[in-house]
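> Residues per chain are reported as follows:
Number of protein chains: 4
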Amino acid sequence: MDKLEGIFTPLLVPLDENSQINEAELRRFVSWLIEKGVHGLYPNGSTGEFTRFTPAERRRIVHIVSEEAAGRVPILAGAAEANVKETLFACQAYADMGVRAVAIVAPYYYKLAPESVYAYFAEIARNSPIDLTLYNIPAFASPIDVNTIRRLADGFPRVIGIKDSSGDLAFMMRMISAIRPNRPDFTFLTGWEAVLIPMLMIGCDGGTHASSNVVPEITRKMYDLYRAGDTAGAMQWQYRILELFDVMLNPPFEFPDGFRAAAALRGFHFGHTRLPQTSVQYSEHKVLSGLMQCILADFELVNPPAAGCPVPAGNIGHDKLEQMVHQVFHEMKNRGIV
Amino acid sequence: MDKLEGIFTPLLVPLDENSQINEAELRRFVSWLIEKGVHGLYPNGSTGEFTRFTPAERRRIVHIVSEEAAGRVPILAGAAEANVKETLFACQAYADMGVRAVAIVAPYYYKLAPESVYAYFAEIARNSPIDLTLYNIPAFASPIDVNTIRRLADGFPRVIGIKDSSGDLAFMMRMISAIRPNRPDFTFLTGWEAVLIPMLMIGCDGGTHASSNVVPEITRKMYDLYRAGDTAGAMQWQYRILELFDVMLNPPFEFPDGFRAAAALRGFHFGHTRLPQTSVQYSEHKVLSGLMQCILADFELVNPPAAGCPVPAGNIGHDKLEQMVHQVFHEMKNRGIV
Amino acid sequence: MDKLEGIFTPLLVPLDENSQINEAELRRFVSWLIEKGVHGLYPNGSTGEFTRFTPAERRRIVHIVSEEAAGRVPILAGAAEANVKETLFACQAYADMGVRAVAIVAPYYYKLAPESVYAYFAEIARNSPIDLTLYNIPAFASPIDVNTIRRLADGFPRVIGIKDSSGDLAFMMRMISAIRPNRPDFTFLTGWEAVLIPMLMIGCDGGTHASSNVVPEITRKMYDLYRAGDTAGAMQWQYRILELFDVMLNPPFEFPDGFRAAAALRGFHFGHTRLPQTSVQYSEHKVLSGLMQCILADFELVNPPAAGCPVPAGNIGHDKLEQMVHQVFHEMKNRGIV
Amino acid sequence: MDKLEGIFTPLLVPLDENSQINEAELRRFVSWLIEKGVHGLYPNGSTGEFTRFTPAERRRIVHIVSEEAAGRVPILAGAAEANVKETLFACQAYADMGVRAVAIVAPYYYKLAPESVYAYFAEIARNSPIDLTLYNIPAFASPIDVNTIRRLADGFPRVIGIKDSSGDLAFMMRMISAIRPNRPDFTFLTGWEAVLIPMLMIGCDGGTHASSNVVPEITRKMYDLYRAGDTAGAMQWQYRILELFDVMLNPPFEFPDGFRAAAALRGFHFGHTRLPQTSVQYSEHKVLSGLMQCILADFELVNPPAAGCPVPAGNIGHDKLEQMVHQVFHEMKNRGIV
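Read top to bottom, the protein sequences are chains A, B, C and D.
All residue numbers for the first sequence refer to the working numbering, where the first residue is 1 and numbers rise by one.
All residue numbers for the second sequence refer to the working numbering, where the first residue is 1 and numbers rise by one.
All residue numbers for the third sequence refer to the working numbering, where the first residue is 1 and numbers rise by one.
All residue numbers for the fourth sequence refer to the working numbering, where the first residue is 1 and numbers rise by one.
The shape of chain A in the complex, shown without the other chains:
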């Protein structure tokens, strides 16, 4: 089978007013992403809030996505469940749905040592009816170290790749140099779109990028520019994507709420996330949403907000926002209000 490569979208899940999966909107979203050029789809990732759905809902999401994609792009389905047995049931279910491969995040909640991480993946790889990719996201789950990846790649043909969300280039290079000599078919995907182009330069095969839910045509363009040899052009977009990414990723947003809010600006109804929010948070998100609309308008993907964009587009980092808050506060202090 073909090696996985290119930009895979870790799909956001639209919810309806009852907090149920909005199937119609999810289908519309899937087709839009494919039309905008993403190379593949990755349901049940961290961006897809897999932990907030039930096992049955996770299966339904993959079912809808694979049916709607209808073979137009390959599907990498997040298949981690409560334990190995349940995970293998999910692997079988997704194999039956015709997905290209499953992605299994390292065990989370408990922080496991490398030997246990190895034992976990080895047991799954030994019994899986479908190809699988490892998913390393050390901010949320037990880290998968280079030696563990090598042991798994060397021991199990079913293990065909890794998605790494650490954003650490040297770590990616260590993985590539440890594994590619023995397994030239092994796929290396980065989950940290802030550095997609540098990751491609050091040899990555692509990425699974939350931002591609919002600006799929641009993550695709970056990929194509780089592959066509236009590094400078790709890097120019990399800088602009970083600006958007930083607003979507940072407080006051909880991940992936900033991505949901930004993707909504592209014309989709994502509904409220399943994580409850306070009124303070709603207000903050609204302010940020206006800012993101300005950035997307500057990308020429949406219209600017009716009220206009108060700040010149470009270069509005999270620091500046924080600074604004502090300035206001000190202003009030000076006036004796606090």
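Hint data in this document are derived by calculation from the structure and do not stem from the laboratory.
Among the clues, some could well be false.
All copies of an identical chain are treated as equivalent in the list; a pair is satisfied when it fits inside any one copy or across any two copies.
Using 30 Å as the maximum straight-line C-alpha spacing, the simulated DSBU-like pairs for lysine-lysine come out as follows [claimed, not checked]:
# : residue 1 : residue 2
1 : 111       : 85
2 : 286       : 85
3 : 111       : 286
In this text the structure is predicted, and so the values were computed from the model without any measurement.
Given chain A, put chains B, C and D in place with the hints provided.
Just chains B, C and D now, with coordinates in the frame of chain A:
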């Protein structure tokens, strides 16, 4: 209703050879713990590996435990599920089973900011049909800070306590001084038995202690000695419990495997955990099991191993242990055993 | 020689308007502390900002302190310098000044492995002309683990104690149980006054507490109450000290500026710290200084500020302050100011 | 003056048998580095163990280096001292010696908030007689965040650049996009040679790389290949450098001992570091030194060790190394050698 206090056992779950819940053994274990004097039972905690069971299995565990306890001790049931709606279903189910209260761990996987942690618990507290305790375990889940706890305690009578597994005494004091004035009924339980007696001294109402699965008569004795005014006697046992705790908690064990291995020495069949293990790990655990048997023999709870105890009982720090394990392991390696 | 025990004050250093050591004020401060009952003095600690003085200034500080103390209390002099040779020169100099012992912080800047930490202290202990105590402050310097402490205590009679600022009670218990059996003379001091009384209960010999610069009569009273068997009385003060400590320790203060500002309220001229500050910081400190004056007035040690104490004394945690800031900000947002 | 760019060597300092600066060897080393093509020299950096020298020694090092360089390459002199006043004295001294600029590390030991980091650098920048670069090394010192860098770059023309050793590409991009628009003259240097080529691609001006003490001709070649448009050629060397870097950087070496040991293989007498070592460490270092000789032989810079190279050159990950070291070490232990 009575305030929660004393030692609650966060129950280990015995599994059979098919990795299914071993109901008979779980019942036997529950009754043994009650007979040995624990004040309450806490199924579906971290020690109970709640994340490795399905929602249906988690309900079955609470059902078995509450039926077997039959009102002899109060039950605090871990009720966290994939999202607020599922959690509230579990709360209702456990209320119907007659448990005293539920315990809800802070959201994990995603690391949430205080405002989101507040929103999550507030939504549950607003709708729960049963009293609930917060569960703060910052090593595994989003931290619950003092201000968030105060907001929840002040706003929701359904929130009746907190279990804190940070082991940080100053943090416990900050919670107590922020909340007790307004909510004298609020329960403070520590989940860090390494410092149970100091926690009682600063005002805690008790603890949920993994070690009470292994030595329930001793954690009870410590509690009683302290309450009876015998601080010195209680501290003597605190030092001995710490020695056992450090062996059970640390590598090469993954939590809670060391506790499972030690509790097995008391005559229960816990079976293999659902987390796969390598042969190297099995060998290491066997070595450690012998050591734990020596400690328990020194406590006069079990017989020493047939081969005798190579080290004098008492005062075996973790460093020394680790060194011993490595020596043994490398010796085995040299002889080609592993 | 006598075992070190009781409360040692890690001395703040008064500076004059040229940022030079204010010798007259330092002398006055030293005598005041002794009169208020501290058991010993500890110049050149973290509270004394040892890193911000030159080697010659550090010697001068110890010289002034020991001359002024004139044998009334023992002196523990911080002696860490750029390398082992320079540190040994300082040890000799302090021995010549008649201090009781020196304190050596673990190597900082570079984070060293346990074997290197051992090698460093062993080299000093082997050659020191004076007793020395280890100083473990893992937030700032390479951690000293239990095994390293044991190796040093077992190997070098010159090593007579440890000051630990981790605040971790279980760690303190591990140290005590590893070392006291072989070295009953070894001193265990806590540097985390938030938990002084619990630390005394588990067996500590005393502490080196920044707060004793501010409220020496109270840290002494806590110690005496506990030693006299009045745990409840001691704990009552422990809770009140924690409230003060949290204001002094946390942002917007940098350590030890909050302690300097609070000690100034007792009538000493500490001058500006050597760390430059912005006008924003000066304003913030002024607000906090008023708050600390209210707490000290509630302790009946100073008069309340002329403007009165806007909040009822007691229970003003850092959270509440932060909350105030947020409330103000959201208020402004609601009014459309930001 | 010219913008700083290219590869600056953070100079190792040769010591004689009395642990004093070996001036003759330092001079020979400086000239060798210049001949091998480094673009500049950076004495008193972390690699130069600035914290282990006295203020007088630090001045002497810069004096020797600048005299020996004699204008052939620009010098960036580490000038951080105990406090701002002492730092400014050092700045004046280095200005008098004709260095191009000074580098000031963020305050360490105490971990400072951004406002304090700003105040510190602002005070120095306001009074410095010479251009200065910021030095961000969050593993060892208070982090310098993007907003702080921007405030400094915008406010002080004397601040001409930053050296960042975080190795975080996204952070570097955030700095560049925040500062370059207003300050096109500002220099961005990476201190993390593991990712030099990706850093150049995103717009860095060069780096200060510890590895250039060992393989100056190769770090120069990488730089030249990239600047000449041969990304693939540069990346090939980047992968090989990473392999060497990982051996030099990781345990059992303490930084910068691995770099000292490797540079010694190029024919210089570095002597023992000032950090004491145990005999266990000497043995381990010896094993690693043989391995590094194999890597350098593979680079065709030195002869292989007489005993030959047991492992095929290339692709020796750190995990494998660690394993080898342990095996060798335990083998030695078994034979009673250590």
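> Now tell me, hint by hint, if it's right for this structure.
Results for each hint:
no.	hint	in the structure
1	111 x 85	both (20 Å within a copy, 27 Å between copies)
2	286 x 85	between (43 Å within a copy, 25 Å between copies)
3	111 x 286	between (36 Å within a copy, 22 Å between copies)
Of the hints listed earlier, there is not a single one the structure fails to meet.
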